[in-house]
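K.L.:
Sequence:
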Amino acid sequence: MASDGQVVVKFGNILAKHCLDQRCSMELLRAAEHTQSISSQLSIVARVKAVTGESKASSELLVSNVQNLIRAVQHVLRAAEAACVKGLGQPSADPEEEEVAALCQQWRKNLTQHRAKEALNSDRDELGLRKTRGARAEPTLMSLVQEQPPRSRNIPKHPRKGHTVMDRHL
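Each residue of the sequence shown is one higher than the one before, counting from 2 in this note's numbering.
What the hints contain is simulated information worked out from the structure, not anything from laboratory work.
Remember, predicted model here, so these are calculated numbers, not experimental data.
One should not assume that every hint holds.
[To be verified] Heads up, simulated SDA-like pairs for lysine to any residue below, C-alpha to C-alpha not over 20 Å straight-line: (1) 50 - 64; (2) 87 - 106; (3) 18 - 8; (4) 50 - 34; (5) 132 - 114; (6) 18 - 79; (7) 87 - 117; (8) 132 - 115; (9) 11 - 27; (10) 50 - 60; (11) 87 - 21; (12) 110 - 68; (13) 18 - 129; (14) 118 - 129; (15) 11 - 130; (16) 110 - 64; (17) 18 - 34; (18) 11 - 35; (19) 110 - 146; (20) 132 - 117; (21) 87 - 76; (22) 118 - 98; (23) 11 - 139; (24) 110 - 141; (25) 11 - 71; (26) 18 - 91; (27) 18 - 139; (28) 87 - 45; (29) 11 - 102; (30) 18 - 117; (31) 57 - 42; (32) 110 - 148; (33) 87 - 143; (34) 50 - 68; (35) 50 - 66; (36) 18 - 37; (37) 11 - 34.
Hey, can you work out the whole structure from these sequences and the hints?
P.N.:
Written out as structure tokens, the structure is:
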């Protein structure tokens, strides 16, 4: 879990670097930094628990840290969605940056298609306003990442040359 948090941190930092909106970029950097801290804390707690053995307190602390990491990752992904909507600059020739940009472009395309379908095919109330109850949820970056099959089962914890940041996703 902690290493997956590091992948999300790298994803957030890459997006922040290319985000055209300064406020979104700063929010992404803050969220990534917070995720980095929690991920490191989780790694330390897990190592200590492995050495000291089973105890209710250490198990509760570990679960609490995992829950905090999940919330932090969700925050990074929401900030990343905002950055994608505001716009991203061209990525460099770095394969990781290209892959992050491609993922964001795919999500934005899915979001645009979803909104267009909802606008055209949605139910309206007596005033002609679109009903939101019963409407399908908008696509999220989290759902897009979860839909992608893992590329390899033998991916190292720290990507080497030839491996990219999104090879290891949640």
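K.L.:
Hint numbers the structure violates, sorted upward?
P.N.:
Per hint list: 4, 12, 13, 15, 16, 22, 23, 27, 28, 30 violated.
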